[in-house]
Amino acid sequence: MTAVSTEATQQTVRQQVLVLYLASSALDARVVGWSTYDGTGATSPTTGDSDVPPYASGLDALKDGWRLFQAAQLLPPQPGHEYDVSFLKHEFFFEKLVTV
Amino acid sequence: MPHPHQKNLLSSVQMAHFVATGSLRMDAVVPDEMNRQAIEVLDNGIPGVPYGTPLSEAFVDSEFVQRLVQLPEVAGAIHSLVGPEPTVDHHAVHIRKAHEGEAQNLHGDAIIDVRPDAFDVQLMYYPQDVTLEMGGTLSVPGSHLRRTNESDTGRYQNLLGQTRLVCPAGTVQFLHHGIWHGGRKNDSAIDRYMFKIRFNPTVRQVRLWNLEDLYDEDVARELSQSFPWYENATGRLEIYNRVKLWQAITGDDTFDPDYWVTRVSNRPQRVVSQRSVNPHAKKVIA
Chain A
1 MTAVSTEATQ QTVRQQVLVL YLASSALDAR VVGWSTYDGT GATSPTTGDS
51 DVPPYASGLD ALKDGWRLFQ AAQLLPPQPG HEYDVSFLKH EFFFEKLVTV
Chain B
1 MPHPHQKNLL SSVQMAHFVA TGSLRMDAVV PDEMNRQAIE VLDNGIPGVP
51 YGTPLSEAFV DSEFVQRLVQ LPEVAGAIHS LVGPEPTVDH HAVHIRKAHE
101 GEAQNLHGDA IIDVRPDAFD VQLMYYPQDV TLEMGGTLSV PGSHLRRTNE
151 SDTGRYQNLL GQTRLVCPAG TVQFLHHGIW HGGRKNDSAI DRYMFKIRFN
201 PTVRQVRLWN LEDLYDEDVA RELSQSFPWY ENATGRLEIY NRVKLWQAIT
251 GDDTFDPDYW VTRVSNRPQR VVSQRSVNPH AKKVIA
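Line by line, the protein sequences are chains A and B. Numbering-wise (the working numbering), the first sequence opens with residue 1 and increments by one. Numbering-wise (the working numbering), the second sequence opens with residue 1 and increments by one.
One chain only, chain A, in its complex shape:
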């Protein structure tokens, strides 16, 4: 019986993913970039679809029920590349599980 109900649960729960890029490695730093992916298929977020971030900080996303599941590591620059600029460094992945 337990196996059946677990399977039923898995069939009705989907993941929504929010990626926030913050101004520093602190989770309560301001949001400078954002992306969303909707596993329910109800919405289709895409590139350049908004000028207003969904939250002011990473902490605000937590307060709204988003669960943090990955944070970017803090890595020292490669020797000789200390002044290079490249990808955004402070990337945080959040999820919500939504019953559909």
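Note that these hints are calculated values from the structure, not bench results. Glycine included, C-beta positions come from ideal geometry on N, C-alpha and C. Mixed in with the good hints, there may be bad ones.
[Said to hold, decoys possible] Listed below are several chain A residues computed to face chain B (Cβ distance under 7 Å; list not exhaustive):
{"id": "1", "residue": "Ala-23"}
{"id": "2", "residue": "Ser-24"}
{"id": "3", "residue": "Ala-26"}
{"id": "4", "residue": "Leu-27"}
{"id": "5", "residue": "Val-32"}
{"id": "6", "residue": "Trp-34"}
{"id": "7", "residue": "Thr-43"}
{"id": "8", "residue": "Thr-46"}
{"id": "9", "residue": "Thr-47"}
{"id": "10", "residue": "Gly-48"}
{"id": "11", "residue": "Ser-50"}
{"id": "12", "residue": "Tyr-83"}
{"id": "13", "residue": "Asp-84"}
{"id": "14", "residue": "Ser-86"}
Fit chain B to the given chain A structure using the hints.
Here is chain B on its own, set in the frame of chain A:
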């Protein structure tokens, strides 16, 4: 191509704006009469050009494009950015169809390109009024010096302070080769047209513009600006890198108004104390 008149060259402040933002926009610089012709010309296609064809030879079969690149303000900007007689890398007509469902990923064109003292520019011409719904080009001010390869930035959907182009018909913008950009989804009922040409320089890009205001305070102001999407620490590195680019294109390696480069380059060689006063130093025996 004749040398543009001095008054049509970019100013130093405009060049500094380009170095800081990676773009330069000229609203409604193309006359209405040309904009009205453009859709038919672009629908018919612009003849292909072999890579590296000198600009003066590239569009002999396209009178419209010749007129476009010879408009005084456009020719002045091309000369200021890449110099006399650049070559045409390639050109393309981009049409985002009405209600087209897909946006492009944020990307840099070609491949990663980290030349410290040279750059290509892309001219983008918009013959129609572009509304927000029509999905005008998305670009990210100040992203051109980031060392990333093509669409590896595709995960980034929105960055604070990004530019979603809305412009009047006849607008031309020049973009640094490295700028992050992408065509946005067209949610309108109108097909959106854009024509682009990528130029390669054939001379060293040093002091090619109108230098009268080279040491104007607004030059330093342009170069020191930050953008909302910059992280606190990396934003400082951005200014370091753009000062290095400004030093390269002015040929003046002393220009550093906020001291970001000078401070970390300072390695004095003058020795004050003589080695002989150190009692622990090995005695030199003649």
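Checked hints:
1. Ala-23: Hint holds; Ala-23/A Cβ to chain B Cβ min 5 Å, cut 7 Å.
2. Ser-24: 5 Å, holds
3. Ala-26: At about 10 Å, which exceeds the 7 Å cut-off, the nearest Cβ of chain B leaves the hint on Ala-26/A violated.
4. Leu-27: 14 Å, violated
5. Val-32: 5 Å, holds
6. Trp-34: 6 Å, holds
7. Thr-43: Violated, because the Cβ-Cβ distance from Thr-43/A to chain B comes to roughly 12 Å (cut-off 7 Å).
8. Thr-46: 5 Å, holds
9. Thr-47: Cβ of Thr-47/A sits 4 Å from chain B, so the hint holds.
10. Gly-48: 4 Å, holds
11. Ser-50: With a closest approach of 5 Å, the Ser-50/A hint holds.
12. Tyr-83: With a minimum Cβ separation of about 6 Å from chain B (threshold 7 Å), the hint on Tyr-83/A holds.
13. Asp-84: 5 Å, holds
14. Ser-86: Hint on Ser-86/A: holds, closest Cβ of chain B at ~5 Å, below 7 Å.
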